[in-house]
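Given chain L, work out where chain X with the ligand should sit, using these hints.
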Amino acid sequence: MSTQRLEEVRSSFLADLESAGADAEAVEKVRIRYAGRRSGLLNELTAHLRELPNEKKRDYGRGLNELKKEIEAKLTEANMAVRDTVVNAEPGQIHVKGHPSTVSVGTAESRIDVTLPGTPLARGAEHPVHLVRRRIEEIFLRMGYDVEDGPEVEDDWHNFEALNIPPDHPARDDQDTFYLADGHLLRTHTSPVQARVMERREPPIRIIVPGRVYRRDSDLRHSPMFHQIEGLLVDEGITVAHLKATLETFLHALFSDEVDVRLRPGYFPFTEPSAEVDISCIFCGQKGCGVCSGSGWIEILGSGMVDPRVFEAVGIDSERYTGFAFGLGLDRVAMLVYGIPDLRQLFAGDQRLTRQFA
Amino acid sequence: MIFDSEWLTEHLDGAPDLDTLAARLTDCGCLVELREAGDGAEKWDVEVTTNRPDAMNHRGLAREAAVAADAVMRPLEFALEETGEDAASLASVEVEEGSACSRYVARVIRSVSVGSSPDWMQRRLLNCGVRPINAVVDATNYVLLELGQPLHAFDLDLVRGRRIIVRPAETGEKLMTLDGEERELDPSMLMIADAGGVIALAGIMGGADSEIHEGTTDVLLESAHFDALSVRRTARRLGMRTEASHRFERGCDPEMAAVACDRAAALIAELTGGRVCKDRIDVYPQPWEGQRMEFSVAALSAFAGLEIPTQRALEIFRGLGFAPEGQGDLIAVTVPPFRVDIERVPDLYEEVIRHVGYDAIPSQLPILGTTPGQRNPNWELVDRAREAAVSAGLAEVMTFSFIDPEIDDQVTTGPLCPGAPLPLDNPLAQNQGTMRRSLLPGMLAAAGANLNQGERSLAYFEQGRVFSLGGDGPEEHERLGVVLSAEDGKTEERFARLKGVVEHLIDEVGLPAVRWVRGGAPWLIADAGAVLTDDDGTAIGLAGMLSAELAARWDLRQDVAVAELDLARAAEPAPPRFEPLPRHPAVTADMTVEHSAELSYSELEEAVRELKSEQVSSVDLAARYTGAGLPEGSVRTTLRLVYRHPERSLTQDEVNAAQESLRRRLAERLGITFA
Ligand SMILES: [Zn+2]
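Chains as they are written, first to last, in the working numbering: chain L, 1 to 358; chain X, 359 to 1033.
Heads up, some of the hints might be wrong.
Think about it this way: if two alpha-carbon atoms lie no more than 30 Å apart in a straight line, the pair counts; the simulated BS3-like pairs of lysine-lysine are [said to hold, decoys possible]:
{"hint": "1", "chain 1": "L", "residue 1": "Lys-56", "chain 2": "L", "residue 2": "Lys-69"}
{"hint": "2", "chain 1": "X", "residue 1": "Lys-401", "chain 2": "L", "residue 2": "Lys-287"}
{"hint": "3", "chain 1": "L", "residue 1": "Lys-74", "chain 2": "L", "residue 2": "Lys-29"}
{"hint": "4", "chain 1": "L", "residue 1": "Lys-29", "chain 2": "X", "residue 2": "Lys-857"}
{"hint": "5", "chain 1": "L", "residue 1": "Lys-57", "chain 2": "L", "residue 2": "Lys-69"}
{"hint": "6", "chain 1": "X", "residue 1": "Lys-848", "chain 2": "L", "residue 2": "Lys-74"}
Estimated spans, in silico, between C-beta atoms of each pair [claimed, not checked]:
{"hint": "7", "chain 1": "L", "residue 1": "Pro-166", "chain 2": "X", "residue 2": "Thr-849", "range": "54 to 62 Å"}
{"hint": "8", "chain 1": "X", "residue 1": "Gln-1010", "chain 2": "L", "residue 2": "Val-105", "range": "25 to 33 Å"}
{"hint": "9", "chain 1": "X", "residue 1": "Thr-1009", "chain 2": "L", "residue 2": "Leu-49", "range": "32 to 40 Å"}
{"hint": "10", "chain 1": "X", "residue 1": "Pro-931", "chain 2": "L", "residue 2": "Asp-16", "range": "37 to 45 Å"}
Simulated from the structure, these hints should not be mistaken for laboratory data. Every residue gets a Cβ at the ideal spot worked out from N, C-alpha and C, and that includes glycine.
With the rest of the complex left out, here is chain L (with noise of 0.2 Å):
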């Protein structure tokens, strides 16, 4: 060790003491590291003095004696930099006990530009696939639904054969369904936990289930990937009016109570009668848009009466209980409800897509 280690120390100290600034708290810091009575910097490099060959002695003691005259000064220089603030801020001088820096209170060091902007905060967002999710969720809670949940790989029985979809159905045409190497599949709608509640609860029930689903299929509107929720209710002397009454209600909740909401007989191989649901466009008022492809009508959910060979196939009694269920795609309605046009963009893991969402 010899002067150069002096050199080291006395610009580490500048570098230091130019970033405490004249943050009182940050001086003290920079003083105890260097000059502090028990830890500081300059008593090492003092005992190192006593090390060191009488040769050398006199060239790094000298040089060392300049070190701690500047640090001194430049100490009591900050200091008093320090100081001058609080002096400066009479009105409301503070000293903090256990504290060695003082802080002022009622004044400002300079005359700000309150144009300037804010300093930003670091907000958290939710994706809006999840935040439709809560929506829709909270509307059913409220009407007393439970929310349910289920594997995503599921097995043929309950995402198909329990829900009257037997082996070559043709419907399964339209579920490009990916199979599994060991014999099971990614689940093709939420609706096979339809099956495993009923399997193990006994009526009433009146549930909902969200849910990640999987087909093979990929362009502008369709992914491999995508979430539906799921509805449920099955009671002694449940009817059509009923599945159209909640539905109703559901969809003004959702969206508005101005949105006319029509039934169209459709199909679905576990419901019987079926219907598709659309709304009235609520972007255009049924004037006819790019949204609604000019028909004023928004295809929104699929729904119907369940199949009594679906409670037949998980144990409910079918002569004595009827009841409805309904479905919907929660990516579509985040695209309708944003504006987002292509559904893939959902599944980028684009952090700007959900930053627009905080």
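This is chain X with the ligand only, laid out in the frame that chain L set:
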């Protein structure tokens, strides 16, 4: 399916204007999706649901339209003249017993001259999207579109032995189909053969060798009824989908086979100058018998939630061809042969409800017990995790559940591997070939994409499932992943920021307390990575700076901090409990320790916590220093201790004494020095 509006209304008496007709069809379940101007008529794209093959032809849709729009179906009328020559003397049909063919009707038409079909026919075919070929083939396609019966015409001279044999294919047999492809056959497939071998795929496509051509003079016209499942399986196996297979798969009308055969024969005769031989050849061992069904109108009304008059139900079934009979509250019907979808009473309810219309049904909310809704605990868990991440300032992303198997290999050697991989049998692409066993690959690919978009700092999370194959089959595990990246800052600061986020998540989600143990290869840098283990030493997470090797894999040109947590061990955090607020002031005292870098901070802090006076209410890190002034491999750590007595104010001397005692004991325990 595309319909020609003129062709459709031709079957109706008293049809309304086209706008009304389209609206009524939509209301009863045949959605008219698109109407366009065609040649001489409108082209209607009508979505007929897959359970209704009977409406996938003009006459079938007209039947629906008649009931929906208060019109009347015209009877199907055409003139068929036969010669004295017996068809059976010119050709024979054998259906092997047990074959998936319940009826085979054939007619022979002689002396045809094959030219093109007339304009009116070509126009209608083109409007429906069918390319005209020649008069004979066009006539069969025309009848398919009109009556829904698939037909096939053979050149009778090319049918060897003039014998038609319906039988399964033999192993090794091959057939060149009309589309010029050679098909390999197996015994699961039903064939039309002649004396020399296979000449057509039953219900799917004819063979090239017996095709109608310009020189054809005698035609054998096939109008058969093949089993839906057999056609479906064969078509799928051969990767074929034709107009004929599409209809057979969904179910055809066995009674229509005869009518359609006559209709097509009459058309061929008219268009080609041919003569129709006497009688149909008809192999129909078990003629169709209509199923009788009965239902109560009161039960139907109760189910619908609307009082439906018996008269209205009778009208609907009459129009739909169910020959209903009413007796008091009961209606008995015979299911017509074209309605393959009607099996049980609720199927009958649907017929009435869709023609009465959902508009007519009142809205009435169901009345159930006023029990509050519950959320499944797993939803509570994942939403708690998601909310924790959002409260840490992170943006949520979603990436695909399937990833590149090559990248998935990294999971096998890393910590947090949930089990064996779960590959897809039929992935859309090679790089989506296996179910993810970690969230990191998808999230890191997203990091590359985000940086390429010009994002400078990354702060996002993903919550989702990873998948593996365990001893009892597939397993799903809920995970939470974090990616952080900033343009500048020291590694230490980046790591500290990540750790702050992870500690917050662990707390909020309710995961057990973890130890941060150096590790995390191959994902993390050896010097800046940690595996998070619980009390048993089981890894429940990893966190640290991404290794150079993996950063290169996704071409990340900026340091990225990543973390992944498994949520299985989470329990709902206990609700906070109020502690009485201290009434006496605290005294803060710092303690600076110089020690070897081998002594980890957590070891130091643990020792302090163990040896400290009971009046110390908190121990925190105040400062840490390495570098100039310290020997190589040494660290200076300043701890901030807060002393507090519940009943009185502590004096500076008391605190000094406590500090001194602590120093002494620490020095003994750890062999460290004090500054
Ligand atoms: Zn619109």
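Results of checking the hints against the structure:
| no. | hint | verdict |
| --- | --- | --- |
| 1 | L:Lys-56 to L:Lys-69 | holds, 20 Å |
| 2 | X:Lys-401 to L:Lys-287 | holds, 23 Å |
| 3 | L:Lys-74 to L:Lys-29 | holds, 14 Å |
| 4 | L:Lys-29 to X:Lys-857 | holds, 25 Å |
| 5 | L:Lys-57 to L:Lys-69 | holds, 18 Å |
| 6 | X:Lys-848 to L:Lys-74 | holds, 28 Å |
| 7 | L:Pro-166 to X:Thr-849: 54 to 62 Å | holds, 59 Å |
| 8 | X:Gln-1010 to L:Val-105: 25 to 33 Å | holds, 26 Å |
| 9 | X:Thr-1009 to L:Leu-49: 32 to 40 Å | holds, 39 Å |
| 10 | X:Pro-931 to L:Asp-16: 37 to 45 Å | holds, 41 Å |
The structure meets every hint from the earlier list without exception.
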